[in-house]
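Enquirer: Here is how the chains run, residue by residue.
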Amino acid sequence: MNRQAIRWLGTVPFFAYTAIFLLIPTGEIIVQAFRNPSGRFTFANVRGLFDAQILDAFETTIKISLITAVLGGVLGLLVAQSALRDGGPLWIRPVLTTFAGVASNFAGIPLAFAFIATLGSTGIVTQLLNSLGLHVYSHGFTIYGMVGLSLTYLYFQFPLMVLIISPALEGIRPQWREAAVNAGATSGQYWRLVGLPAVLPSLLGAMVLLFGNAFSAYATPYALSSGYINIVPVLIGEAVNGDLAANPQLGASLAFGMIVVIAAAIAVYAILQRRAARWLR
Amino acid sequence: MAALRTATRKRTGTGTGARRPGRTGRRRRSGWSWFWLGFAAVYLLVPLYSTLEFSLQTGAHRYGLSWYGYILHQPAFRQSFALSLRLALETVVISLVLMIPTVYLVHAWLPRLRPLMEFICTLPFVVPPIALAVGMIGLFQGVPWLISSTQILSFAYVIQALPFTYRSLDAGMLSIDIRTLNDAAQSVGASWRQTLWSVILPNLRSAILSSAFLTIAIVLGEFTISSLLLFNTFAVYMQQIGNSQAYAAAALAILSFFLTWLAMLGIFFISRRVGYRSAVGMTR
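As they're listed, the protein sequences go chains Z and E.
For the record, in the first sequence the residue sitting at position 188 is 173 according to the numbering used here, with numbers rising by one throughout.
For the record, in the second sequence the residue sitting at position 60 is 678 according to the numbering used here, with numbers rising by one throughout.
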C-alpha cells in the first residue's frame, strides 16, 4: 500500500466515530419524525407539531433565544470593548477572560440554583427589593417566567459573547481610528463607517451562536422551573422519559423541529453575511 | 500570538500618547467603560454571593459549613461525582486519541479534507444535545449492552466536546509550521507515526491541555444527555437534591462553580504561556 493510502486510512476512525455517534443519530431523528409506531411513513408527527401548545413552546423558546442573543450580544460587545480600550489597568483583560470562561461554562443545574438563591421567591435580591418596598413577586415576576429565564440565560450568554468577540475587536487597528479622526470624523461616524462594518461579520456569527446556545438549553430551564415552563427542550424531555406518557415519535419530531429552527437561523446568517459582504465592498 | 501581544501593547502606547491635547470626550467615554465593566461584575458576582450565602445558612441568622459536610458525606454524592469524574477522563482520552492523529493527517497531508472535517466538527452546534440524545435512544435501543452502560455517555460527550477539541487542536497545528517539521522529520527517515509522537505532540502540549481542561469542565456539568438516558451523573444528582433541599443544593452549586474555576484557571495559565483562547464551552 502506498503512503497516501495509509494516510487516508488514518482518518477512517474519526469519520466512523462521528458517523456512529453524530450523523446516524441525527438521521435517526429525521427518520423517526416521519414514521408511525408501526414503522410506516407518515406526516402525522410533523403535522402534530402545529398543535397549539407545541407552537406556543416554539414561540417562547425562539423569543427567549432571540432576546438573550441580542441583549447578551450587545452587552458582551460593550463589556469586551470597555475592557479592550486604552487607559484601563492591565489586569482587567485576563481577569475578564477567565471569568467569562467560567461564567459561560457555569450553566445548567448549578446556574439555576444560583438564580433561585438570587431571584427566587426567597432569594437574596428578592428580599432586598422587598425591603425597599418593591414586591416583584406580587407584580407577576417569577424566576421561571420569560423574564426570569432570560435574566438567567444572560448569565452565560454575555460572557460567551465577550469570549467570541474579543479577537475580532482586537483586529481593529488603532490606525483606522487615527486616520478617521484626522479626516475629521466624529466618534459616532468612526464606529458607523469603520469600526462596526469591520466587526459586523463576527458580530452576526456570534449572535447566531448565542441564539443556538439559548435555544438548546435544557438543564437550566428544567431545574429552574422543575419542568413547568413550556419550552421545546423541556417538552422533548417529557416526551422521552415523562412519567405518564412516553412518546418517542413526538420527541423525535420536536427534535427535528429544533434542528430546522437552528438550520434556519444559520441560513438567515448566511444571507445577512452575504449582504454585509456586498455592503462592505 | 506574540505578535498579537506586541500589537496590543503598541496600541496602548499610541492611545496614551494621543491623549495629550484636550481630550474630554475620551475621558467621558472611559466613564462608560467603567460603567459596563462594573455592570458585568455585578451581574456575575451577585448570583454567586447569593448562592454562597444560601449555602452557609444553617438556621435563622446562623452560618456555618454544615451543608458542605452533609453533602460530602452522602454516598450518592460520592457515587455520582466518581462517575462524572471517570466519564470526564474517558472523554478526554477518547477525544485526544481520535482527534490528534486525524487533525495531524489533515493538516499535513490531506488538506482537501479540512472543510469536511470542519463541517462535521461544527455540527454539534446545529444538533442540540437533547436532540442528539433522542437520536441516540432511537438508534441504540436495540443495542442494550451499549445504551444501558455508562460508556455511552462518554461516547456522546466526545461529540459534545468535538467543536472545542477540534478548534483547539486546529489552532495549535496552525501555530506551528507543520510542513517544515514534517519535512525535517521525514528527511531523517521518520514514519508519520514517529513524527506525530515525537515531533508534533510535544509542540501541541498546550493545545492538548487546554482542550482537556475544557472537556473536563463540560463533562462535570453535563445534565441533558445523562438525564435523558437515565444515568446518575453529578449534575443529575444535583438536580435531585435541588428538588428537596435548597440549601444543600446551593452548597453543591458553589462546589461545582469552584470546579469550573479550577478548569478555567488551568486553561488561563496554559494559554498565558503559549496563547490559545479556547475557554469557550457550553454545558447549558
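Wrong hints could be hidden among the right ones.
[Said to hold, decoys possible] Across the chosen pairs, the derived CB separations fall in these ranges:
| id | chain 1 | residue 1 | chain 2 | residue 2 | range |
| --- | --- | --- | --- | --- | --- |
| 1 | Z | 44 | E | 704 | 38 to 48 Å |
| 2 | E | 660 | Z | 131 | 18 to 28 Å |
| 3 | E | 704 | Z | 31 | 23 to 33 Å |
| 4 | Z | 152 | E | 703 | 27 to 37 Å |
| 5 | E | 677 | Z | 77 | 31 to 41 Å |
| 6 | Z | 160 | E | 804 | 49 to 59 Å |
Simulated from the structure, these hints should not be mistaken for lab results.
No residue lacks a Cβ here, since even glycine has one placed at the ideal position from N, Cα and C.
Enquirer: It remains to establish, for every hint, whether it holds in the given structure.
Expert: Comparing the hints with the structure gives:
no. : hint                       : result
1   : Z:44 to E:704: 38 to 48 Å  : holds (41 Å)
2   : E:660 to Z:131: 18 to 28 Å : holds (22 Å)
3   : E:704 to Z:31: 23 to 33 Å  : violated (40 Å)
4   : Z:152 to E:703: 27 to 37 Å : holds (32 Å)
5   : E:677 to Z:77: 31 to 41 Å  : holds (40 Å)
6   : Z:160 to E:804: 49 to 59 Å : violated (42 Å)
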